Amino acid sequence: MREAYASTGQASKSGPSGNGYDLSETDTGPSIHEQVTNWFKSLQPLKTWGLIAEVLGLKEHAAKHRAANHRGYSVEEIRILLHSDEGDQILEMLMAEAEPAWWRALRINLNLSKAVAAQAQWTQSVMALDAAPMDRPTRSKMKKVIDADRAFNRARTQKELAAGLLHQDADRAKDRVLVGTSTTGKMHAAGMRAGGRGR
342 MREAYASTGQ ASKSGPSGNG YDLSETDTGP SIHEQVTNWF KSLQPLKTWG
392 LIAEVLGLKE HAAKHRAANH RGYSVEEIRI LLHSDEGDQI LEMLMAEAEP
442 AWWRALRINL NLSKAVAAQA QWTQSVMALD AAPMDRPTRS KMKKVIDADR
492 AFNRARTQKE LAAGLLHQDA DRAKDRVLVG TSTTGKMHAA GMRAGGRGR
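The working numbering puts the last residue of the sequence shown at 540; the count rises by one with no breaks.
In case anyone wonders, no lab produced these hints; they're calculated from the structure.
Hints may be right or wrong, so weigh each one.
[Said to hold, decoys possible] Capping the alpha-carbon separation at 30 Å, the derived lysine-lysine pairs in DSS-like fashion look like this: (1) Lys382 to Lys455; (2) Lys382 to Lys400; (3) Lys405 to Lys382; (4) Lys455 to Lys482; (5) Lys388 to Lys405.
[Stated by the list, open to error] Listed next, with one range per pair, are the computed distances between beta-carbon atoms: (6) Arg445 to Glu401: 17 to 23 Å; (7) Ser415 to Trp463: 17 to 23 Å; (8) Arg477 to Ser454: 36 to 42 Å; (9) Gly391 to Ser481: 50 to 56 Å; (10) Trp443 to Glu395: 28 to 34 Å; (11) Ala489 to Asp429: 39 to 45 Å; (12) Ala459 to Met436: 19 to 25 Å; (13) Ser383 to Pro441: 34 to 40 Å; (14) Ser383 to Trp443: 24 to 30 Å.
Please read these numbers as outputs of a predicted model, since none were measured by experiment.
Glycine included, C-beta positions come from ideal geometry on N, C-alpha and C.
Using the sequences and the hints, build the whole thing.
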């Protein structure tokens with residue numbers, strides 16, 4: 342897939358999906374199909390159907406239907422997008438306003454990953470400048486930049502710790518549900534056996 346990143350916009354209503362799942366527009370905004378098409382359009386505004394055909398392996402006729410929102414994307418096509426380098430953007434579309442614990446933790450990690458990548462590029466630029474001769478005022482500014490980098494690293498560590506704790510809380514909640522379900526089932530079974538002996 343071509344390397345480009347952009348947010349999704351608005352589009353017209355989409356038709357029924359071709360895989361039996363209706364992901365049409367709701368009160369909260371455009372459907373998943375429209376959002377995916379808008380995302381493709383942000384990457385290639387002209388002849389968007391060509392990019393859709395290339396990425397999803399579709400024929401021209403099918404790609405044009407999707408570009409016009411006359412036909413929805415199948416689950417298999419969404420899966421192809423999720424497996425791409427830009428899959429995180431598609432996942433954000435799918436999750437919409439949902440806020441399960443695992444998604445909050447994953448989103449923190451995704452944002453941290455993007456920030457770390459940007460920081461790595463920025464650090465290389467700073468190191469190149471630091472190696473060059475400079476006057477005292479410029480050197481003082483450079484020190485402030487390096488101090489800011491250290492502050493970012495501390496903040497990142499705190500975020501990573503928070504994400505880890507969020508994962509632990511979600512796991513504990515699942516364990517409590519499983520234990521509660523198991524205990525209830527055992528009590529119910531014991532009651533049935535006791536009732537049977539009394540007859």
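### Query
So which of the earlier hints does this model not fit?
6, 7, 11 and 13
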